[in-house]
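S.K.: Here the protein sequences come in this chain order: A and B. So the first sequence is residues 1 to 276, counted in full-length UniProt numbering. So the second sequence is residues 1 to 276, counted in full-length UniProt numbering.
Take the hints with a grain of salt, since some may be wrong.
If chains are identical, the list can't say which one is meant, so a pair holds when it fits in one copy or spans any two.
Stated by the list, open to error - Computed list of lysine-lysine pairs in DSS-like fashion (alpha-carbon distance at most 30 Å, straight line):
1. 54 x 194
2. 251 x 48
3. 251 x 216
4. 216 x 258
5. 251 x 2
6. 164 x 258
7. 4 x 190
8. 207 x 128
9. 54 x 258
Derived by calculation from the structure, the hints in this document are not laboratory data.
Protein chains: 2
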Amino acid sequence: MKWKRSERLVDMTHYLLDHPQQLIPLTLFADMYQSAKSSISEDLTIIKETFEEKGIGLLMTVPGAAGGVKYMPKMRDEAVRELIHDLMEELGHSDRLLPGGYLYMTDLLGNPEMMNRVGKVFASAFAKEPIDVIMTVATKGISIAHAIARHLNVPVVVVRRDSKVTEGSTVSINYVSGSSRRIQTMVLSKRSMKSGQRVLITDDFMKVGGTMNGMKNLLEEFNCQLAGVAVLVETEHADEQLIENYLSLVKLHEVNEKERTIALTEGNYFSKGGKE
Amino acid sequence: MKWKRSERLVDMTHYLLDHPQQLIPLTLFADMYQSAKSSISEDLTIIKETFEEKGIGLLMTVPGAAGGVKYMPKMRDEAVRELIHDLMEELGHSDRLLPGGYLYMTDLLGNPEMMNRVGKVFASAFAKEPIDVIMTVATKGISIAHAIARHLNVPVVVVRRDSKVTEGSTVSINYVSGSSRRIQTMVLSKRSMKSGQRVLITDDFMKVGGTMNGMKNLLEEFNCQLAGVAVLVETEHADEQLIENYLSLVKLHEVNEKERTIALTEGNYFSKGGKE
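If we strip away everything but chain A, and leave its shape as in the complex, we get:
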């Protein structure tokens, strides 16, 4: 069956969005649609321009025999600002205040539309770097990790607090949690990462960075490298920050339990080079 351009455009758009960060040879499309490579190239030009015009992402073309086309997630500054605005509006509701000055965020982490946008922002920020694995710690960071992973097309690894029989043999470390100064344990299945892999770590919330630092230490046990740190909400605190380089979308300044107010500002995303 011969495909019309209009049909090819629809199908190729779906295919590219479904295979982010993957180099797709033009011959694959040419065979798929029984079309000449020159027609496929023209199709890709239209898709590339539309993706850029509408802020969907980038289409990179690699010339030559081993070449092809690659869709890379790329969220525009404008859309990032909108997301940060939406997050701050959501998180600023006084009914999110929990006893002890904690913030209820679980619903946000379970919202697929929000998580998709959060994942796309972080994926955009790290799309040009080699990332092999997204790492997080159970339970709350898992949805963010998967959202990023889908846009970068790399696996997720979940660090646990306890050892489970279904994880097989594990590597375990002790670390000092940043704010409570308690000794805690982190466990990760031995087969979850290979030596030399580059790892992006992520979590929903970061105070001093004790948990992040624990994950960093765990990386060393696996001879893996830290490629970046992505946090949804960071919080202002008196103690020294243990993590130097990270990207955050929102910063929690102050929670006033008596007045029931939550003071939030933009995180460091735009000041830390997450920019276009």
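Take the given structure of chain A and dock chain B to it, following the hints.
M.R.: This is chain B only, laid out in the frame that chain A set:
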């Protein structure tokens, strides 16, 4: 700026895929592209036919003033069989065998491409039913829950084993785990579900169904209804199955630790009405 058909097709495809199960008024597209509704209708016909031809999904048109178009995930039987085949091949490797006859599956649950396909299968099976929430229990089921949720555009709710301060006030139940017959606890934040919601529960692994049954009991505490049960791998066992209606993709028959073999077959997906 006036948009060409080719550009509209690319952008609309992205928009529809990004907004599953959502009724989108034609006027939204007409305004977005400064085009006549009749042109938008023609675009949608092309997209609809390509989506169906390539097994991407369905495009439902609702006529009238309150009408519009809705993209629904729909995976073809052929693609479901391919996924089940891939899952069985992956899970059948003898190096997945853990002491005690357990199966290492964590890598599979962290694989974004596999999870996307698993999510799409289950979303397809339940796309025509009213589903308000996807529920799972920490930790392993979370990636499947989010994968389904993204294709159905509904929130995820994660049941925990322990109560955390960041969850606010919670509802807790005790239940008997199916295989070990131990009393276990499940905890869910009070604000995570509203009375009357229809809930699809999911998990990575099911033996007798004790955990699933626990989630069912938890639903009753919230006055919510069970809309369906989706399981990646179910296992053959001597005891009575506690859950009657569920969909599974793979069935684990036997694990032979001495011979290091894993016997798997297709789950009940095709026999239980998950069909086209």
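S.K.: Go through the copies and call it for residue 251 and residue 2: within, between, both or neither, with a Cα cutoff of 30 Å.
M.R.: neither (53 Å within a copy, 40 Å between copies)
S.K.: Are the CA atoms of residue 54 and residue 258 at most 30 Å apart within a copy, between copies, both, or neither?
M.R.: Neither, since 45 Å and 58 Å both go past 30 Å.
S.K.: Using 30 Å as the alpha-carbon threshold, which applies to residue 251 and residue 48: within, between, both, or neither?
M.R.: neither (35 Å within a copy, 43 Å between copies)
S.K.: Is the C-alpha distance from residue 4 to residue 190 at most 30 Å within one copy, between copies, in both cases, or in neither?
M.R.: Result: close neither inside a copy nor across copies, 50 Å intra and 53 Å inter.
S.K.: Please work out whether the CA atoms of residue 164 and residue 258 approach to 30 Å or closer within one copy, between two copies, in both situations, or in neither?
M.R.: between (42 Å within a copy, 22 Å between copies)
S.K.: Checking an output row: residue 207 and residue 128, CA cutoff 30 Å. Within, between, both or neither?
M.R.: Answer is within; shortest intra-copy Cα gap is 28 Å, inter-copy 43 Å.
S.K.: For residue 54 vs residue 194, is the C-alpha pair at or below 30 Å within one copy, between two copies, both, or neither?
M.R.: neither (38 Å within a copy, 37 Å between copies)
S.K.: Please work out whether the CA atoms of residue 251 and residue 216 approach to 30 Å or closer within one copy, between two copies, in both situations, or in neither?
M.R.: Within. Shortest intra-copy distance 22 Å satisfies the 30 Å Cα cut-off; inter-copy 38 Å does not.
S.K.: Using 30 Å as the alpha-carbon threshold, which applies to residue 216 and residue 258: within, between, both, or neither?
M.R.: neither (37 Å within a copy, 38 Å between copies)
In the structure shown, a violation is registered for the earlier hints numbered 1, 2, 4, 5, 7 and 9, in ascending order.
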